[in-house]
Amino acid sequence: KNQVEQSPQSLIILEGKNCTLQCNYTVSPFSNLRWYKQDTGRGPVSLTIMTFSENTKSNGRYTATLDADTKQSSLHITASQLSDSASYICVVRGGGGADGLTFGKGTHLIIQP
Amino acid sequence: GAGVSQSPRYKVAKRGQDVALRCDPISGHVSLFWYQQALGQGPEFLTYFQNEAQLDKSGLPSDRFFAERPEGSVSTLKIQRTQQEDSAVYLCASSPVGLGPYNEQFFGPGTRLTVL
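Order-wise, the sequence lines are chains A and B. If you read the first sequence in our numbering, its first letter stands for residue 21, the second for the next number, and so on. If you read the second sequence in our numbering, its first letter stands for residue 4, the second for the next number, and so on.
Be aware that one or more of the hints could be misleading.
Dumping the calculated DSBU-like pairs for lysine-lysine here, alpha-carbon to alpha-carbon at most 30 Å [stated by the list, open to error]: (1) B/17 - B/81; (2) A/125 - B/60; (3) B/60 - B/81; (4) A/91 - A/77; (5) A/91 - A/37; (6) A/125 - B/17; (7) A/125 - A/91; (8) B/14 - A/125; (9) A/125 - B/81; (10) A/21 - B/60; (11) B/60 - B/14; (12) A/21 - A/125; (13) A/77 - A/21; (14) B/81 - B/14; (15) B/17 - B/60.
Counterexamples of contact, computed for chain B against chain A with all Cβ distances above 10 Å [what the hints assert, rightly or not]: (16) 16; (17) 20; (18) 24; (19) 91.
No lab work stands behind these hints, which were simulated from the structure alone. Predicted model only: the values in this text are computed from it and were never measured. Think of the CB as a built atom: it goes at the ideal place given N, C-alpha and C, for glycine as much as any other residue.
Isolated chain A, as found in the complex (with noise of 0.2 Å):
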């Protein structure tokens, strides 16, 4: 069964501390894994994609990792902002289904000031 397993399940830090969010996922075949940002009450929002070859994506302050060998996939976060308070969602792209993705819970990030 497809499946992506984020950690933590939620996450408190200071303002200006840098922080690690992990993905691990079991997907195939696999095409490419994608990091999204949910605001509370919005939609997500795509932050990176990469595939099979790409190890490193950043965009601005995010910088996005892929070990497609061991199937893992981190999202670090430096200098952080209160508004990067939310929920961050790691998708897999490959599975069944008409869209063929599969999503995680997501990892729920607060940033105290």
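With chain A's structure known, arrange chain B on it following the hints.
Same frame as chain A, now just chain B:
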């Protein structure tokens, strides 16, 4: 450049009522998806349209759920005889082209449905 919009943003229904949720995709987008997102969970696929054709409805949880996109633009998700387990956020997403591995989906803000 308006994004995907959904209405209403919040809906409270009594158990047994019918509800209709509307999605306005980005103009010209071919693909349209509906997802159900329970509290604290990731979105779960419900159904997919390519233009006006509903190509996949395998995620619809029961025959009480019905979706349409008659003119290939606006879509409506209808839930008949709502049950408490239908309470969730219903997300709509659109994509400019047909299905493809790198096609990005643009999500709407969702409709939060609460069934009492």
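Query raised in the report: Any Cβ of chain A at or closer than 10 Å to residue 16 of chain B, or is the non-interface label fine?
Result: holds (19 Å)
**Report entry** Distance restraint between residue 77 of chain A and residue 21 of chain A, which requires alpha-carbon spacing of 30 Å or less
**Finding:** With a Cα-Cα distance of about 28 Å, the restraint between residue 77 of chain A and residue 21 of chain A holds, given a limit of 30 Å.
Query raised in the report: Holds or violated: are the alpha carbons of residue 60 of chain B and residue 81 of chain B at most 30 Å from each other?
Result: Cα-Cα ~13 Å, so holds.
Query - residue 91 of chain A paired with residue 37 of chain A [C-alpha distance capped at 30 Å] - result: Status holds; Cα separation ~27 Å.
Report task. With 10 Å as the threshold, tell me whether residue 91 of chain B passes as away from chain A on beta-carbon distances. Result -> Its Cβ never comes within 10 Å of chain A, the nearest being 14 Å, so this holds.
**Report entry** Hinted pair residue 17 of chain B and residue 81 of chain B, Cα distance within 30 Å
**Finding:** holds (15 Å)
Query raised in the report: Are the Cα positions of residue 21 of chain A and residue 60 of chain B separated by 30 Å at most?
Result: holds (20 Å)
Query raised in the report: For the pair supplied as a hint, residue 14 of chain B and residue 125 of chain A, is the alpha-carbon distance within the 30 Å limit?
Result: holds (23 Å)
Query - Agreement of residue 125 of chain A and residue 91 of chain A with the hint, judged by alpha carbon distance not exceeding 30 Å - result: holds (17 Å)
Query raised in the report: Within 30 Å, alpha carbon to alpha carbon, are residue 81 of chain B and residue 14 of chain B?
Result: Given pair residue 81 of chain B, residue 14 of chain B holds - Cα atoms ~13 Å apart, limit 30 Å.
**Report entry** 30 Å limit on alpha-carbon distance, applied to hinted pair residue 125 of chain A and residue 81 of chain B
**Finding:** holds (25 Å)
**Report entry** 30 Å Cα cutoff - pair residue 125 of chain A, residue 60 of chain B
**Finding:** Holds - the C-alpha atoms of residue 60 of chain B and residue 125 of chain A are around 22 Å apart, at most 30 Å.
Checked against the numbered hints given earlier, the structure satisfies every one of them.
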